[in-house]
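Line by line, the protein sequences are chains U and F. Counting in UniProt numbering, the first sequence runs from 1 upward without gaps. Counting in UniProt numbering, the second sequence runs from 1 upward without gaps.
The hints are simulated quantities; they were obtained by calculation from the structure and are not laboratory data. Treat each hint with caution, since some may be false.
Within a straight-line C-alpha distance of at most 25 Å, the following computed PhoX-like cross-link-like pairs (lysine-lysine) qualify [as the list claims (entries may be wrong)]:
#, chain 1, residue 1, chain 2, residue 2
1, U, Lys119, F, Lys139
2, F, Lys205, F, Lys188
3, F, Lys227, U, Lys78
Each chain, letter by letter, is given below.
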Amino acid sequence: MLRAVYKWVDERLDVTPIWRDVADHEVPEHVNPAHHFSAFIYCFGGLTFFVVMIQILSGMFLAMYYVPDIINAHASVKYLQTEVAMGTIVRGMHHWGASVAIVMLFLHTLRVFFTGSYKNPREFNWIVGVLIFFMMLGLGFTGYLLPWDNKAYFATKVGIQIAESVPFIGSYLATFLQGGDMVGATTIPRFYALHVFFLPAGLLGLLATHFILIRRQGISGPL
Amino acid sequence: MAHNQDGNQKQVHYVGDSRVRVNSKEMLPPDYSQFPGKTEQFFPDFLLKEWMVAAVFLVGFMTLVMAESPPLGDIADPTNTGFLPVPDWYFLFLYQLLKYKWAAGPFISIGIIVVPGLLFGGLMLAPFLDTSKERRPLKRPATTWIAILSLLGVIGLTWAAEAEHVIQVSSSSGTPAKDKKIVAEQDKGYELYKKNACIKCHGDKLQGVQGPPLLGVGDRTKGEDEKLTRKDIEHIIDNGRGAMPAGMFQGSEADKQVLLNWLMQQKQK
């Protein structure tokens with residue numbers, strides 16, 4: 001039955017080459033932790049992706065309760081954390097996951113750097129990776145404001161002051177981030193939109209590029 | 001474009017019914033037969049192992065999540081002047097860098113453009129700066145040393161920022177008192193407070209002049225939610241802190257205890 005359904009779809013859409021392309025490739029021994037324990041350093045990239053998936057999923061559930069305005073933001077987070085079933089777990093996954101993602105991403109960057117895997121022909125994928133790093137830092141910065149507690153508010157104020165001190169474009173940058181001339185009612189929806197739409201869209205695009213390039217070029221050989 | 005300029009009668013292949021030429025030289029991943037050892041199918045053999053690693057990772061991660069509930073402070077209050085801002089830990093190095101005189105004020109471009117530009121620019125352009133074929137870190141010492149030194153720099157700055165923040169939190173005035181009343185002004189403790197130099201900096205109503213206010217010092221918190229204890233206050237009186245010099249209290253040990261008793265009475269309702 002299942003086979004018949006697959007055949008019906010495959011006849012029309014020719015899906016076999018698509019998934020065979022993802023599935024059918026050989027993984028060399030030097031990156032396989034089952035053969036060499038030290039190959040666990042090659043897991044950092046995959047684990048970063050895994051944490052990003054955790055972030056996306058937990059974030060989608062948080063968005064069911066979170067209200068991005070200065071009056072209700074803090075109250076909605078508090079409600080989520082104290083009243084909603086499993087709320088504190090889901091928010092915990094998102095909160096700690098943010099730090100863990102940065103740590104894993106950092107470890108992955110170190111692995112690629114010190115194994116010289118960024119070299120010819122993988123220069124472009126390295127640049128994509130650095131952009132992913134910036135994207136993640138941007139997600140961390142915009143997400144930090146959303147609970148709207150004192151820590152969030154004052155840290156964001158300092159962050160925007162830093163942005164403002166950039167020569168020439170600083171004041172425009174600050175106005176763009178704040179949505180006005182102070183951190184307040186217009187800042188939260190702005191950071192929320194950046195955090196859940198703009199930056200994740202950019203991140204997913206970059207991740208897709210990252211993975212397609214890995215598939216194209218294969219993993220770098222043993223040292 | 002399908003014409004062959006050189007007159008060669010080569011067959012031109014297109015992708016589907018489009019005008020896109022089939023790329024004769026396919027970009028195939030390297031043949032793993034060139035690597036010695038046991039290669040493995042990605043699906044399903046290797047993927048299963050990846051999932052096992054992910055499962056172990058998930059157990060560790062969920063343990064962390066369940067052990068530490070995510071922090072949520074009081075609702076943002078822009079008028080709270082006593083709150084010490086601190087960014088998330090991965091921005092601390094930049095935050096600390098901008099505190100140094102040579103990277104702030106008139107030299108702000110150094111702190112915000114030059115140093116981060118070198119750091120992130122160097123990171124981004126690494127493949128074009130280190131173009132040798134050599135991949136082993138020990139065989140390309142310049143790259144490796146630059147990376148290790150930058151890494152130590154970032155770690156050092158982060159550590160310095162954290163250490164400085166801990167000191168600042170302990171000497172900040174904390175949350176401003178809600179009701180501004182001295183408790184037990186007739187107490188002998190207040191006499192001692194007046195006779196010693198305390199009053200000059202902390203004010204006759206404990207409101208704080210050059211020093212921080214002492215209103216409500218009896219139930220103040222230090223750091224996130226730890227209580228400031230009698231011992232802590234005694235330590236500050238003896239050793240000073242921040243701008244406060246050591247040994248400001250000149251009286252006897254018994255008098256100091258009276259003063260401490262009185263300070264510990266300063267609780268907010």
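Tested hints:
1. U:Lys119 / F:Lys139: 14 Å, holds
2. F:Lys205 / F:Lys188: Judged against 25 Å, a Cα distance of about 15 Å means the pair holds.
3. F:Lys227 / U:Lys78: Holds: Lys227 (chain F) and Lys78 (chain U) sit about 24 Å apart, inside 25 Å.
The structure agrees with every numbered hint stated previously.
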